[in-house]
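Visitor: Below are the chains, spelled out letter by letter.
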Amino acid sequence: MKKFTSVSDVKNLQEIIKKALQIKENPHSETEKGKGKTIGLVFLNSSLRTRLSSQIAAQNLGLNVLTLNAAQEAWNLEFADGAVMNGDTVEHIKDAIEVLNQYCDIIAVRCFAGMKSKEDDVNESILSQFEQHAKVPVVSLESATRHPLQSLADCITIIENWKKDHKPKVVLTWAPHIKPIAQAVGNSFAEWMQEMDVDFVIANPEGYDLDKSFTKDTKVIHNQDEALKDADFIYVKNWSSFDEYAAMPEVKENWMLTREKLENTNAAKVMHCLPVRRNVELSDEVMDGENSIIYQQAKNRIFSAQTVFSEILDEINSK
Amino acid sequence: MKKFTSVSDVKNLQEIIKKALQIKENPHSETEKGKGKTIGLVFLNSSLRTRLSSQIAAQNLGLNVLTLNAAQEAWNLEFADGAVMNGDTVEHIKDAIEVLNQYCDIIAVRCFAGMKSKEDDVNESILSQFEQHAKVPVVSLESATRHPLQSLADCITIIENWKKDHKPKVVLTWAPHIKPIAQAVGNSFAEWMQEMDVDFVIANPEGYDLDKSFTKDTKVIHNQDEALKDADFIYVKNWSSFDEYAAMPEVKENWMLTREKLENTNAAKVMHCLPVRRNVELSDEVMDGENSIIYQQAKNRIFSAQTVFSEILDEINSK
Amino acid sequence: MKKFTSVSDVKNLQEIIKKALQIKENPHSETEKGKGKTIGLVFLNSSLRTRLSSQIAAQNLGLNVLTLNAAQEAWNLEFADGAVMNGDTVEHIKDAIEVLNQYCDIIAVRCFAGMKSKEDDVNESILSQFEQHAKVPVVSLESATRHPLQSLADCITIIENWKKDHKPKVVLTWAPHIKPIAQAVGNSFAEWMQEMDVDFVIANPEGYDLDKSFTKDTKVIHNQDEALKDADFIYVKNWSSFDEYAAMPEVKENWMLTREKLENTNAAKVMHCLPVRRNVELSDEVMDGENSIIYQQAKNRIFSAQTVFSEILDEINSK
Numbered sequence: 001m002k003k004f005t006s007v008s009d010v011k012n013l014q015e016i017i018k019k020a021l022q023i024k025e026n027p028h029s030e031t032e033k034g035k036g037k038t039i040g041l042v043f044l045n046s047s048l049r050t051r052l053s054s055q056i057a058a059q060n061l062g063l064n065v066l067t068l069n070a071a072q073e074a075w076n077l078e079f080a081d082g083a084v085m086n087g088d089t090v091e092h093i094k095d096a097i098e099v100l101n102q103y104c105d106i107i108a109v110r111c112f113a114g115m116k117s118k119e120d121d122v123n124e125s126i127l128s129q130f131e132q133h134a135k136v137p138v139v140s141l142e143s144a145t146r147h148p149l150q151s152l153a154d155c156i157t158i159i160e161n162w163k164k165d166h167k168p169k170v171v172l173t174w175a176p177h178i179k180p181i182a183q184a185v186g187n188s189f190a191e192w193m194q195e196m197d198v199d200f201v202i203a204n205p206e207g208y209d210l211d212k213s214f215t216k217d218t219k220v221i222h223n224q225d226e227a228l229k230d231a232d233f234i235y236v237k238n239w240s241s242f243d244e245y246a247a248m249p250e251v252k253e254n255w256m257l258t259r260e261k262l263e264n265t266n267a268a269k270v271m272h273c274l275p276v277r278r279n280v281e282l283s284d285e286v287m288d289g290e291n292s293i294i295y296q297q298a299k300n301r302i303f304s305a306q307t308v309f310s311e312i313l314d315e316i317n318s319k
Numbered sequence: 001m002k003k004f005t006s007v008s009d010v011k012n013l014q015e016i017i018k019k020a021l022q023i024k025e026n027p028h029s030e031t032e033k034g035k036g037k038t039i040g041l042v043f044l045n046s047s048l049r050t051r052l053s054s055q056i057a058a059q060n061l062g063l064n065v066l067t068l069n070a071a072q073e074a075w076n077l078e079f080a081d082g083a084v085m086n087g088d089t090v091e092h093i094k095d096a097i098e099v100l101n102q103y104c105d106i107i108a109v110r111c112f113a114g115m116k117s118k119e120d121d122v123n124e125s126i127l128s129q130f131e132q133h134a135k136v137p138v139v140s141l142e143s144a145t146r147h148p149l150q151s152l153a154d155c156i157t158i159i160e161n162w163k164k165d166h167k168p169k170v171v172l173t174w175a176p177h178i179k180p181i182a183q184a185v186g187n188s189f190a191e192w193m194q195e196m197d198v199d200f201v202i203a204n205p206e207g208y209d210l211d212k213s214f215t216k217d218t219k220v221i222h223n224q225d226e227a228l229k230d231a232d233f234i235y236v237k238n239w240s241s242f243d244e245y246a247a248m249p250e251v252k253e254n255w256m257l258t259r260e261k262l263e264n265t266n267a268a269k270v271m272h273c274l275p276v277r278r279n280v281e282l283s284d285e286v287m288d289g290e291n292s293i294i295y296q297q298a299k300n301r302i303f304s305a306q307t308v309f310s311e312i313l314d315e316i317n318s319k
Numbered sequence: 001m002k003k004f005t006s007v008s009d010v011k012n013l014q015e016i017i018k019k020a021l022q023i024k025e026n027p028h029s030e031t032e033k034g035k036g037k038t039i040g041l042v043f044l045n046s047s048l049r050t051r052l053s054s055q056i057a058a059q060n061l062g063l064n065v066l067t068l069n070a071a072q073e074a075w076n077l078e079f080a081d082g083a084v085m086n087g088d089t090v091e092h093i094k095d096a097i098e099v100l101n102q103y104c105d106i107i108a109v110r111c112f113a114g115m116k117s118k119e120d121d122v123n124e125s126i127l128s129q130f131e132q133h134a135k136v137p138v139v140s141l142e143s144a145t146r147h148p149l150q151s152l153a154d155c156i157t158i159i160e161n162w163k164k165d166h167k168p169k170v171v172l173t174w175a176p177h178i179k180p181i182a183q184a185v186g187n188s189f190a191e192w193m194q195e196m197d198v199d200f201v202i203a204n205p206e207g208y209d210l211d212k213s214f215t216k217d218t219k220v221i222h223n224q225d226e227a228l229k230d231a232d233f234i235y236v237k238n239w240s241s242f243d244e245y246a247a248m249p250e251v252k253e254n255w256m257l258t259r260e261k262l263e264n265t266n267a268a269k270v271m272h273c274l275p276v277r278r279n280v281e282l283s284d285e286v287m288d289g290e291n292s293i294i295y296q297q298a299k300n301r302i303f304s305a306q307t308v309f310s311e312i313l314d315e316i317n318s319k
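Residue numbers (full-length UniProt numbering), protein chains in the order written: chain W, 1 to 319; chain U, 1 to 319; chain P, 1 to 319.
One or more hints might be untrue.
Identical copies look the same in the list; a pair holds intra-copy or inter-copy alike.
[To be verified] Calculated lysine-lysine pairs in the DSS-like style (CA-CA distance at most 25 Å, straight line):
hint, residue 1, residue 2
1, Lys135, Lys24
2, Lys19, Lys37
3, Lys24, Lys319
4, Lys37, Lys135
5, Lys24, Lys35
6, Lys216, Lys167
7, Lys37, Lys24
8, Lys135, Lys116
9, Lys35, Lys19
10, Lys229, Lys169
Please keep in mind that the hints were generated in silico from the structure rather than gathered at the bench.
In this text, all values refer to a predicted model and were calculated from it rather than measured experimentally.
Sequences and hints are given; from them, build the entire structure.
Guide: Okay, structure coming up:
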């Protein structure tokens, strides 16, 4: 694997999931693979699971880990090409990346959507600079439009929880929130589900359709009850409007996932990428109930990251 | 040892101190014990000694260390059960803990008293959530009412500095400060001294008596001169009022420990957990004088932590 | 090497550069040298290259690394001797250092000029406390008046890029900036160049002469064109006025380094310590052009630090 910023970097998803499950069985089987090599984890945004799971994954592979909280530990970065840097920004992102090229064998970066300019976010104004200037493999720890390490963990979790011989019905359902949230997790989950052998539908209120370039021909239903019917997996996630970018059009129905809503499903397993707003996105009952596989999903973040780092190290070591 | 949040988690204090002194002699004698295991150090508050000594202790045992500055690197946590999370908090503490369960073999947490609600602090509103939800051993790096790793280091330091054959007189004396400080270090020191073979008294101004559930039948003296007489060890520490919670009732006498006050003692050794407000809590002369064993005490934080982590690893490895 | 805070700590500069180049050839040749030892990296200021390169250097030597962002992770430190600490400061720097003495085998510290009191900065009010109170070797990660790890990396980079048999002409040229910047990099580069076998001149506008105690008898030219003529290396760096301390006297000419200005040189290699304000200090064309050896210089920060840590470990291990 040469880099990892979307599902298109994965040649064979079934193989990757299989490898991740093997790593989960024996996470310390490759402790020499990363020896003498360094991964830089660059955080332009907050992180808990991604931060910790990436570190564990890297340590399990024997990698040296450099963590940089860019804004707090370094300084404000400039992102505009050709900028006359006579303002608040202290270093251009491309210079920071060129320095990371000198210091790291893998660069992993977390760079959320700014939620101000649709164009900037759609064009991945930050991640694209890493893709352009990095001379070592780049791993996305969530970018403006995608969260692929999360999506791979989601796939692993679905496979682990599905032993029946028919295709599971997987529903990605929008959930309420109190502020505008990026579409990255939703977009990404849609892309990955399209590569999985599942029946996938998306449920969201009108005005909240995700970017068509991610959802493609996935069925989008504007009625949550209808969408959840007979679901085997329900993925709960908020996102703000894509069309009216970053807006939060009024939603009259209550889309919070409750235990009552699970009754109409096929004893659906409930997923969420965390952090979750309890009793806003889903109820305590669902979060703490037996249908939730949310913590298992969080654990699989380790094996998602470790598999990706391991594949990338294979590529590096083969040179 | 199954967890470490107070002296009651220690079966045999003399044995633990003996082990700590052995570890101090040879800190690199157990570098394989923690191999392949991960300790999460979660800081909800600032830290210097605890942060560094815990990392050294963990590294000495071969543990992987994950450090999380929760507020800065992740986000605001919700602590109220059943909360409708439509405000500033982004993730519920119990979800964060459940995720730490997936990632760590030991969870260590620093969570100061909030100093606003006596009930919350007395009930250890944060630590209790860790004790309730953690499925791996929990270590307190200081909580609302106790600082047990400090107290164990204090015991080690007293034993190291006492070669005579009679019981030493140990005085915990209140000291001035400029803002309301928690009672945790004082409470905890009282609890541990009650388990030690020492004559222990507490000196504090009226209005500053510590919680009786910690001091029990320890003699509390409201006159510093009287208390310090013939002292072998003096532990200097400020705390705010427990009765009138977090208040700072006026104190007319000057309780700052000075060299003059040492004259009446048995050449007492002076202790403080640090950080110390020089020339407020104690004078430069005392801090920098030959009676001070304060830096030795700081050093013993390593061996206190290493002993506890080692004992907990024994328990984990025995399963 | 007993400590490393200026060029005067280096006995034989040619030998040190030679060693650094050997380490660059084989950075993993001494992975056991630091085993069981701990380096504390204390940041009182922001850092990107220094932070990352120091960590890599330490890891390459097998050292345990403790990183402390003092203000964010610990608290405000008091620097005044004899202070009555009844204000904002929580711990005296000398107590913090004494604790670091207990925890670390090497203490490395970054402490910028405060840019308020010329006297404090000239006297290295912070670093001097480390030099006074540290009982283990101290390494400067940049102080008020010097940046010696940068300067050593600069020397390595010049040697790597000079194969001709005559002395190269090295020009340190002032560059514009938007706010007052310390003189540390300029001072330090001057000191080190005086020890190198080069023709060294400094170019800066009137009012911006560096402290004579650093520049000594180095030729200072107030006309940039004249200074750059036939240059083999150009080091671009801003600094504020030393005479009128931290002021920014008006400069009428444009001192930004542009491609046009390179025409008059001997195809000069361009250097900068980074971070750089693009199109303020130098133009995009120069930064991204073939004359720039700036990223190579950044890479050499690893080997500069590793050489120094290695030399200090030799001293420690010889005891």
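Visitor: Against each hint, give a clear statement of whether it holds in the structure.
Guide: Evaluated hints:
Proximity of Lys135 and Lys24 under a CA criterion of 25 Å is satisfied inter-copy only: 19 Å between copies versus 30 Å inside one chain copy. With identical chains, the CA atoms of Lys19 and Lys37 are at most 25 Å apart both within one copy (22 Å) and between copies (22 Å). In this homomeric assembly, Lys24 and Lys319 come within 25 Å of each other (Cα to Cα) only across copies, at 20 Å, whereas the closest approach inside a single copy is 27 Å. For a Cα distance limit of 25 Å, the shortest separation of Lys37 from Lys135 inside one copy, 15 Å, qualifies, whereas the shortest one across copies, 33 Å, does not.
Taking the closest pair of Cα atoms, Lys24 and Lys35 come within 25 Å of each other both inside a single copy (20 Å) and across two copies (17 Å). Taking the closest pair of Cα atoms, Lys216 and Lys167 come within 25 Å of each other only inside a single copy of the chain (20 Å); across copies the shortest separation is 65 Å, beyond that limit. For the homomeric pair Lys37 and Lys24, the shortest alpha-carbon distances inside one copy (22 Å) and between copies (15 Å) are both at most 25 Å. Proximity of Lys135 and Lys116 under a CA criterion of 25 Å is satisfied in neither setting, with 29 Å inside one chain copy and 41 Å between copies.
In this assembly of identical chains, the alpha carbons of Lys35 and Lys19 lie at most 25 Å apart whether taken from the same copy (20 Å) or from different copies (23 Å). In this assembly of identical chains, Lys229 and Lys169 lie within 25 Å of each other by CA distance solely inside one copy; the values are 9 Å within and 73 Å between copies.
The structure is inconsistent with hint 8 alone, although it conforms to all the rest.
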